[in-house]
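**Q** What follows is the residue order along each chain.
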Amino acid sequence: MKDEDHDRLPNDGDNPDQSGPDSKTLHNARLFFKSLPQEKLTVAEKDQLWNRIVGYVHIEDDSSERRSVRTIFWYRIAAVLAIFLSVGIGYRVLKYTAGNPMKQAAEIASVESSETKLMLADSRTINLKGENSDVVYQHEVIRIDSSTVEKNVSPAQKYGLNTLVVPYGKRSTITLTDGTKIWLNSGSRLVYPSEFEKGKREVYLDGQAYFSVAHDITRPFYVQTSSMDIKVLGTEFDISAYGDDKKISAVLTKGSIELLTAKDSFWGGEKSRMVPGTRAVYDGVSKRAQIAKVNVDQYISWKDGYLIANREPLYEVFKKLSRYYNYDMVLNDKELGMETFSGTLDLQDDIDQMVIVLTDATSLQYHKSERRFIFEKKDTASE
Amino acid sequence: MVLNESDIELWELFASGSQAAFSRLYDRYADMLYAFGLRYTSDKEMVKDCIHDLFIDLHHYRDGLAREVNVRYYLLKSFKRKLHTASKKAAIFSLNEWDLDDKVVSGISFSAEQEIISDERQREMLQTLAQEINKLPERQKEILYLKFTHNLDYEEIASMMQISVPTCRTFVYRAIKELRGKLEVSAILLILWAC
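Here the protein sequences come in this chain order: A and B. For what it's worth, our numbering labels the leading residue of the first sequence as 1, then goes sequentially. For what it's worth, our numbering labels the leading residue of the second sequence as 384, then goes sequentially.
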């Protein structure tokens, strides 16, 4: 009757009028086959093969008449690829030593400031006003909100380190020279070079950020954090790596990333690969990463100005809000903190409105003093 | 898999000239093709070369590609043809009789690397099932592999194997009936750790 591909669904009837196996057995068979070990290309092999393909396609396009926007793209790839190959050995050596200066740069910059700060390689510091800033690295200049500053005073600092410090209560977006866009949440520090070197793009993060990495197979993008590195080929994901959290997490929305955890360990750490729609949580104590399927919106909604909580303990919600608004939020009762909260909070609301929404939805009441909210259990008698 | 664009959307984007889609198509299918190729031959370099050639061809002929296709099927079928040609070429040099269809889908196995299943006994049960499947004739094994690992429908499998649709269907039914009891048990185990 219908020759659509009903066949593909696990619960398909599979022509019940014929004496075929029932859908349950088919489903089981499918489950079994899917669980068979599959050979996989390593990340390096996959990149290498792709480079070969791109290289070939480029030559082919070059010799044909096809000269559209498309070819320009391949030209660029091929040019970068050539240079990358010639510095290949240097890159390997560098990779393992370059981590420390970035981490040091992040540690020098304190998030305990009242304004978002951009610290440039030539030791200029620019204060950014406003709750939400936007920084864009262009060819010669850096555009900050509506004004521009010169990118670099001394050519010697071409690959020098820059730090963007976003204190509690502020947010910022930044677009790097390669087109990668990063949303930084409150209380975060990002260290990156004025310009990426050939062959790799490397940044260091303390805090939370959402990355939309520009695709460039010749220059993998690495995000370093205190104890987990992420290798990216072009993708979108969120990382939460606050120094004061015991756990570091990465949430992947698109593409593919590779985690290198326990990087300080003698054995050189562990690698795991993530697929879209999953979240990896690295536990600093047990030194293990666990990857699970999640609803990604919940973890990345902050960048669009929402906080989505799905049965989240109140103390976690408070921790996030406290960072976002830079208010202390004190829960007098540990048990209250374990109560869960579900709902969508609009972070455009000011803190007073937000607290009213929260207390309405929970069994809490509050007092406010200065930059501090103190919560306790609702006094039922006063209702 | 959780993906933002469907295969067919990606395919159409690619066919209309998007390089980004070409790259995503590669990202999405390279591993699947690699695994598929290694079911037929153990020559990893040859499989990689075939993936290379397949993507070069796709890129070259992208303007003329059919738009309404099952992408996975299309790729597998073209890829199998590439493998076939390559293995014939290889056979000339090594003076070996090496017919692709005789060496199909060997080694359906549960290896010990499958560490998710920590329980020794459970692993053994799955291994027994794998052995049962391995006892099936090569072509039947290949049909099951295409059907269950790659979700192809009977028409697609039949066309790839150059057999009739009813024959293909009968193969699957017969095989499944024989394996039924064992499948039941293993499925429970699989569900346990798939969650």
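Careful: at least some of the hints might be erroneous.
[Stated by the list, open to error] Cβ-to-Cβ under 8 Å is the rule here; a few derived chain B residues that face chain A:
| id | residue |
| --- | --- |
| 1 | Ala403 |
| 2 | Tyr409 |
| 3 | Asp414 |
| 4 | Ile439 |
| 5 | Tyr444 |
| 6 | Arg445 |
| 7 | Leu448 |
| 8 | Met508 |
| 9 | Gln514 |
| 10 | Leu527 |
| 11 | Ile546 |
| 12 | Ile559 |
[Stated by the list, open to error] Mimicking DSSO-like on lysine-lysine, the simulated pairs with C-alpha atoms at most 27 Å apart in a straight line are:
| id | chain 1 | residue 1 | chain 2 | residue 2 |
| --- | --- | --- | --- | --- |
| 13 | A | Lys24 | B | Lys427 |
| 14 | A | Lys231 | B | Lys427 |
| 15 | A | Lys40 | B | Lys518 |
| 16 | A | Lys40 | B | Lys431 |
Calculated directly from the structure, the hints in this document are not laboratory data. From the three backbone atoms N, C-alpha and C, an ideal C-beta is built for every residue, glycine too.
**Q** If a hint holds in the structure, say so; if it does not, say that too.
**A** The hints, checked one at a time:
1. Ala403: holds, 7 Å
2. Tyr409: holds, 6 Å
3. Asp414: holds, 5 Å
4. Ile439: holds, 5 Å
5. Tyr444: violated, 12 Å
6. Arg445: violated, 10 Å
7. Leu448: violated, 15 Å
8. Met508: Nearest chain A Cβ about 11 Å off; hint violated.
9. Gln514: Nearest chain A Cβ about 13 Å off; hint violated.
10. Leu527: Constraint on Leu527/B satisfied, holds at 7 Å.
11. Ile546: Not OK, violated: Ile546/B not within 8 Å of chain A, min 17 Å.
12. Ile559: At 4 Å from the nearest chain A Cβ, Ile559/B passes the 8 Å test, so the hint holds.
13. Lys24/A / Lys427/B: violated, 36 Å
14. Lys231/A / Lys427/B: OK: Lys231/A and Lys427/B at ~25 Å, within 27 Å.
15. Lys40/A / Lys518/B: holds, 25 Å
16. Lys40/A / Lys431/B: holds, 11 Å
Checked against the numbered hints above, the structure breaks hints 5, 6, 7, 8, 9, 11 and 13 and satisfies the rest.
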